[in-house]
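Q: As a plain string of letters, each chain reads:
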Amino acid sequence: MYNRITQLFERQRSSILSIFFTAGFPELNSTARIIYALEQNGVDLIEVGIPYSDPLADGPVIQETSTVALRNGMTIDTLFHQLDELSSEVHVPLILMGYLNPVLQYGMERFCQRAAKCGVSGVILPDLPLDEYEGLYRQHFEGNNLKFIFLVTPATSTDRIRRIDSISSGFIYAVSSSSTTGKEDGFSSSQVEYLERLKSMRLRNPLMVGFGIHSPETLRHAFTHVHGAIIGSAYLKCLQNNPDVAEATRTFFERLGYAGIRKSIS
Amino acid sequence: MTSYQPNARGYYGSFGGAYIPEMLHRNIEELQANYLKIINSEAFQKEFASLLADYVGRPTPLFLARNLSEKYKARIYLKREDLCHTGAHKLNNVVGQVLLAQRLGKRHIIAETGAGQHGVATATVCALMGLRCTVFMGAKDIQRQQPNVLRMKMLGADVIAANSGSQTLKDATNEAIRYWINHPDETHYVIGSTIGPHPYPDMVARFQSVISYEIREQLLAKEGCESPNYVIACVGGGSNAAGAFYHFLSDSRVKLIGAEAAGEGIETGKTAATLTIGSEGIIHGCRTLLMQTPDGQIEEAHSVSAGLDYPGVGPLHAFLCRSQRARYYPITDAEALNAAFELSRTEGIIPALESAHALALLPKIGFEPDDIVVVNLSGRGDKDLETYRGHFLREFTCL
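Top to bottom, those sequences are chains P and G. Going by numbering that gives the first Met the number 0, the first residue of the first sequence is number 0, and it counts up by one from there. Going by numbering that gives the first Met the number 0, the first residue of the second sequence is number 0, and it counts up by one from there.
To be clear, the hints were calculated from the coordinates, so they are not data collected in a lab. A hint or two may mislead.
[Unchecked claim] As a list, the in silico DMTMM-like pairs of lysine to aspartate or glutamate whose alpha-carbon atoms are at most 25 Å apart:
hint : chain 1 : residue 1 : chain 2 : residue 2
1    : P       : Lys116    : P       : Asp158
2    : G       : Lys363    : G       : Glu69
3    : G       : Lys72     : G       : Asp369
4    : G       : Lys221    : G       : Asp381
5    : G       : Lys254    : G       : Asp294
6    : P       : Lys182    : G       : Glu185
7    : G       : Lys363    : G       : Glu266
8    : P       : Lys182    : G       : Asp157
9    : P       : Lys182    : P       : Glu216
10   : G       : Lys36     : P       : Asp130
11   : P       : Lys116    : G       : Asp294
12   : P       : Lys116    : P       : Asp76
13   : G       : Lys139    : G       : Glu263
14   : P       : Lys182    : G       : Asp184
15   : G       : Lys139    : G       : Glu299
16   : G       : Lys36     : P       : Glu216
17   : G       : Lys139    : P       : Glu63
18   : G       : Lys70     : G       : Asp294
19   : P       : Lys182    : P       : Glu63
20   : G       : Lys254    : G       : Glu298
21   : G       : Lys363    : G       : Glu346
[Unchecked claim] In silico contact screen, one side only, chain G against chain P (beta carbon under 10 Å); selected entries:
hint : residue
22   : Pro20
23   : Asn26
24   : Arg177
25   : Ile281
26   : Gly295
Beta carbons: idealized from backbone N, C-alpha and C, even for Gly.
Build the full structure now, drawing on both the sequences and the hints.
A: This is the structure:
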């Protein structure tokens with residue numbers, strides 16, 4: 000069955016860029032403007048963050064944007080309505096990323112049906128255990144043609160990576176280091192080793208690296224070692240500094256040197 | 000017969016489990032794979048028992064409160080956890096977890112704290128064992144529990160203010176988890192209550208189970224019967240109640256009663272009565288009952304007692320509540336304050352505000368004259384004197 004994430008990776012095997020943003024930030028109705036701006040700047044994948052009151056795996060930037068988004072009144076239902084309106088105009092695959100509890104309250108099956116209806120192609124729920132996904136929820140994702148993307152970290156054992164690879168679909172989200180989101184430490188030799196180790200495992204899923212990608216240098220590193228990179232906090236910081244979405248997005252990609260990096264690698 | 004032990008994946012019925020991001024998987028898996036093996040080893044048991052006896056000061060007395068007994072027409076005993084070193088039951092769990100962390104090769108201990116009792120207990124054991132200690136505490140709780148902040152600092156711990164969210168226990172827990180994600184190799188996170196991902200709820204309950212173990216032995220000596228009619232304890236996350244209930248869970252003769260913090264009242268929106276008004280969901284890595292909006296956002300809890308100011312509850316209590324093995328009642332701030340004052344004047348014991356919630360149930364239950372009632376007096380009230388002074392200015396005019 001036709002899925003935009005599958006199509007993307009069939010078409011393109013390197014330098015894939017995914018951008019994460021918190022839905023409802025800076026304003027409740029920024030969602031469409033942000034998605035258009037990202038698509039115009041050549042982004043390959045977009046992760047739409049569902050804001051949560053207690054984002055355990057996130058650093059200060061995503062915590063702050065989530066707090067603002069919730070204060071602005073963002074809910075899963077509102078987000079689906081916003082996505083309904085732009086589904087016919089957007090061609091970049093959309094992924095919903097959030098924490099498990101709000102989705103459980105919405106109802107997992109209903110969430111999957113609704114996501115599929117407004118054109119979403121995949122879902123990431125970092126605190127949903129593998130067993131529970133397999134035993135209870137996998138059917139709802141597969142039944143609605145949604146990819147479900149799991150995370151691996153430098154501490155994930157080889158056996159577990161194999162198991163995650165067998166269950167995950169779309170791609171595997173390789174967390175770059177043991178950290179919450181938004182760290183700006185740069186790439187260490189052990190991180191390079193970790194990405195090369197993942198690559199050498201010849202997994203069935205493509206690999207996208209995230210957490211700590213924030214500069215031309217870190218992006219170049221990511222593109223050199225795996226299929227693509229995910230940026231969240233660094234982009235949200237630009238939106239925090241400039242509420243004009245189009246302008247902030249343009250500035251962000253200029254500073255990132257995205258066009259040049261992409262050209263030089265491909 | 001119903002089992003009150005969690006299954007291999009940490010579930011009590013449908014509550015429990017481990018809902019954690021992949022970044023914590025290795026640490027949690029390491030604990031799951033090793034905790035029972037370590038805790039049940041002879042060497043561990045010996046060292047744990049010796050520290051409980053000579054350092055914590057166990058067994059704590061089981062005191063027949065004659066004045067309260069006369070007033071409420073039953074035989075009312077107080078299990079004096081307030082007489083533990085550092086002033087609360089929290090030390091039992093910390094001693095156990097730090098011994099376990101040492102065996103896992105961890106050199107840095109982190110903890111969250113609400114009222115500061117768990118933070119003080121953790122700082123204390125780390126000082127004893129020569130381990131680095133970092134305690135996360137809500138900025139609001141730092142303000143209202145100053146004496147405990149000073150104690151932690153004197154004991155050599157770093158106290159880090161959690162400025163996010165409601166700036167109370169929930170947010171301190173978030174910050175501790177985030178720190179653990181960022182420093183997984185050298186750090187053990189000592190959770191202070193029967194909450195968190197499996198194996199924490201079971202591990203903490205086991206370390207606290209010494210409370211009910213002693214109650215049984217002491218009752219046998221004093222009353223010739225090891226089963227009381229009632230065990231009453233306060234419940235925030237639920238560690239002192241889990242410890243006081245533990246060895247009576249399968250003894251259907253014993254009625255188990257929990258007091259949770261109603262705050263200003265369960266109808267006011269300013270409450271922490273999770274078992275009364277909560278619904279099923281995920282908080283801090285486990286499936287349990289919690290206070291949340293219809294959209295699944297966790298709500299802020301409110302209680303005069305920092306130790307009960309938590310929007311979730313341990314999965315064991317969610318299960319005991321759902322299966323009706325235990326009954327839980329909401330107690331308002333005002334009822335708890337009055338109970339604290341009553342115990343001070345009738346028995347000469349100033350209780351912690353948390354424990355005062357359990358005492359406030361005494362007039363509400365309706366005992367038979369022969370009933371044997373054990374109230375778990377989980378902590379002493381020194382840390383709460385400022386709050387008590389604020390509410391009882393009339394009585395304290397001499398101060």
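Q: For the pair supplied as a hint, Lys36(G) and Glu216(P), is the alpha-carbon distance within the 25 Å limit?
A: violated, 46 Å
Q: Would the hint linking Lys363(G) and Glu69(G) be met if the CA-CA limit is 25 Å?
A: Between Lys363(G) and Glu69(G) the Cα gap is close to 15 Å, so the pair holds against 25 Å.
Q: Checking one constraint from the list: CA of Lys139(G) to CA of Glu63(P), max 25 Å. Satisfied?
A: It holds: about 19 Å lies between the C-alpha atoms, which stays within 25 Å.
Q: Does the interface hint hold: is Arg177(G) within less than 10 Å of chain P, judged Cβ to Cβ?
A: holds, 5 Å
Q: Given the hint that Lys363(G) pairs with Glu266(G), test it: the Cα-Cα distance must not exceed 25 Å.
A: Between Lys363(G) and Glu266(G) the Cα gap is close to 19 Å, so the pair holds against 25 Å.
Q: Does Lys254(G) pair with Asp294(G) here, judged by a C-alpha cut-off of 25 Å?
A: Violated, because 36 Å separates the two Cα atoms, which is more than 25 Å.
Q: Taking only the CA atoms, is the gap from Lys139(G) to Glu263(G) under or equal to 25 Å?
A: This hinted pair holds, its Cα atoms lying about 18 Å apart.
Q: Report holds or violated for the interface hint on Gly295(G), using the least CB-CB distance to chain P and a cut-off of 10 Å.
A: holds, 3 Å
Q: Do the numbers back the hint for Asn26(G), that is, is its least Cβ distance to chain P under 10 Å?
A: Hint on Asn26(G): holds, closest Cβ of chain P at ~8 Å, below 10 Å.
Q: For Lys139(G) and Glu299(G), compute the direct alpha-carbon distance and say whether it is at most 25 Å.
A: holds, 13 Å
Q: Please verify whether Lys182(P) and Asp157(G) have alpha carbons no more than 25 Å apart.
A: Holds, at about 22 Å.
Q: Taking 25 Å as the top limit, are the C-alpha atoms of Lys36(G) and Asp130(P) close enough?
A: holds, 24 Å
Hints 1, 4, 5, 16, 18, 20 from the earlier list are contradicted by this structure; the remaining hints agree with it.
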